[in-house]
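The numbering used here applies: residue 25 is where the sequence shown begins, and numbers increase by one.
I should point out that these hints are in silico values taken from the structure, not numbers from a laboratory. It cannot be assumed that every hint is accurate.
Claimed, not checked - In the DSSO-like style, the derived pairs of lysine-lysine whose C-alpha atoms are separated by at most 27 Å in a straight line are: (1) K635 with K595; (2) K628 with K298; (3) K396 with K131; (4) K298 with K666; (5) K131 with K567; (6) K567 with K298; (7) K470 with K131; (8) K666 with K567; (9) K635 with K298; (10) K396 with K470; (11) K635 with K131; (12) K635 with K470.
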Amino acid sequence: MHRNRNLLLSFVVPMTAVALAAAAVGDEPVAPQPTAPPERVLRLGEMLVEASPLDRDLLQKPTLESESLEIATSTVESEDIRLQDAGTLSEAMDYSTGMFTERRGRKEKTLSSFRGQIYPYPDFALNGVWQRSFWEVPSFLPAAAIERVEILRSGGAIMVGPNSGLVGAVNVVPRRFDEPTTIFDVQAGTYETFRESVVHGDRFDRGYYTVGASRYSTGGPENANAAERYGSFFGTGGVDVTHGLHLELTGFYLTGARELRLIEPPGITSPPAKSLSNRYEQFDPSTSYGGITRALFQHDDDSSTEVDIGYVRRENNYERANSPANNAEEIDWEYNAGIIHAHNLTDDNTLRVGLQYNHWVCPDGKRDFVGKRMDVETGSVVVMDEHRFDRLTLDAGVRVTRSWYRDYTDNSFNITGANMGTHPIQDEWADPAITGTFGAKYQVTKPVALYSHVAVGTLDSPPGAVAEDGGSIDREQRLILDGGVGLEDPRLGSAKLGGFLTLRENAILLSETKYTESGQQYNTYANNDVRQYGLEFECRSVKFCNLFSLFATTTVMDSERYTDGNWETYKEIPNVIATGGVYSAYGPVDVNLYGKYVSGFENKRFAQDGKYHDLGDFVDLNMTAGVSFGKEKATRVYCSLKNMLDDEYSTVVGYPEYGFQAFIGLQHRM
């Protein structure tokens, strides 16, 4: 433990100090040469709040979130993805501010969260369209298909839905190019891992397009039952059909197979009916595909309407060879439709009103509810008003969401000594979930801005969820406060320091993972009051001396829950998550060093003895290095070193990291 803390001090803290010092000094910066701005091509599907006044046009992008949430927003750009050698969406998010990644070998290979937001986890959106059941996909969605990942940590994301707007959101923006570009990338490394991708894109007078394909495979460690192989096709494009109509289409197809990794001690290894150490499972095939169409109608200089329609389908053929043998078709799909109208009431005030709809069908269940039909329709209405007073911007919004459960069943179990069953739900309305927000941004000076945001609302319990004592689960209520200061100087870089407070009354927390006599896995939940508060810092420099740039992030937080009349530490959440790195290039050579620290925490999920076990408390240090050559240095040969400290740390009981891994690759851009 002390070794890793010393490593944190020796790596992350100096990285932060150097970034701050570089931003503070800025010796005689060279003034940038004025250049003519390129013609802008309209692109939809963004929730980004970190936008210049030119970019923040609510008539062209009606889905933008509150400007006051910039303090709680981070982005991962395609260049970060390249320099960090991220292969998937999950890997691309890993070094974002406060990102906590749980890595395991179950049906959801990884789960990503921030600020302790688990059960429920943050929402995902594809090109701005919300996804109800997306958690299996991020571990395999290729990073080559991604232009940007927008991560909104605050619970005020009411423009992404239909949801209650209290869990934060991750939006995946597809790859886009502003000039004719083709990129090839091939890579090979540890555990017979291979990755290949090709992406091509261009823009034209009235639009743009991108198409690509990728392939990935790995054998995994010997005797771990962790082999994987996936291939994908993806594309996006947009066109101005007329002066007042813009259309955009995004699609993807991902297919392959994966084995579910065997658990290791102290994970569940006995008795045979419950053991995950000798249960040979796989998804073969495992397929996800979908498409999203968006249209923007510009009515006049003061109003516009955006419409989106989407369909995504996931098909996983589950096979279990033993303990006991079992097969299941885990299939689900969802339809999305939305409309949002923006209208300038005055030159300084914009009102937005929207309706959103989602229909999710899982005919035979999946994950831990195999055999239980799910059919849920959810609708919501959102209203947001934004007013600009010179340097002060104020906004207020409200979202009302309600679901209709055609079929929904939490698991019923024949547990020895107790009946934890619950009744199926059919043709029932959920209670309305209401979220209200208010935000303010004040531009103190050109580089300095102050932010404040509040969100309050309710969050439904999982329908029919099982409590520890077999009873029902109460509805959760939340109050979320965000505030802070941001600095941005084009000569030096940017920095943010923010604070947050989340008060959760009757928070819905996972209590235990249990198994029936037949070996079926299920979860129990509990209501506890929870309070979470902390500070978030992130900074990113410009490229100094045309040689190097720096980034650093730190989240320090405390999580407590009220149990038996006392506030107790919420053991399952790490208190400190920090990242830092340097991107450097000299001539044809680039060297990029980056790392992450996660403080210790505890959990008992998947534990053989049912007790809490120490997890986390690690530093994960990584490096990529490359040499570019040829015309315009278009070809790059590189190596990627992962987990250079060879630390087999764990974020989930029974699933340690693989340790040091090395890869070599070739990239070519033309």
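Checked hints:
1. K635 with K595: Roughly 12 Å between the alpha carbons, so the hint for K635 and K595 holds.
2. K628 with K298: Cα-Cα ~15 Å, so holds.
3. K396 with K131: Satisfied, since the Cα-Cα distance of roughly 17 Å is no more than 27 Å.
4. K298 with K666: Violated, because 33 Å separates the two Cα atoms, which is more than 27 Å.
5. K131 with K567: Outside the cut-off at roughly 41 Å; violated.
6. K567 with K298: At roughly 54 Å apart (the allowed maximum being 27 Å), K298 and K567 break the hint.
7. K470 with K131: 48 Å, violated
8. K666 with K567: Holds: K666 and K567 sit about 24 Å apart, inside 27 Å.
9. K635 with K298: Roughly 16 Å separates the two Cα atoms, so the pair holds.
10. K396 with K470: 56 Å, violated
11. K635 with K131: Holds: K635 and K131 sit about 23 Å apart, inside 27 Å.
12. K635 with K470: 53 Å, violated
Hint compliance for this structure: hints 4, 5, 6, 7, 10 and 12 are not met, and every other hint is.
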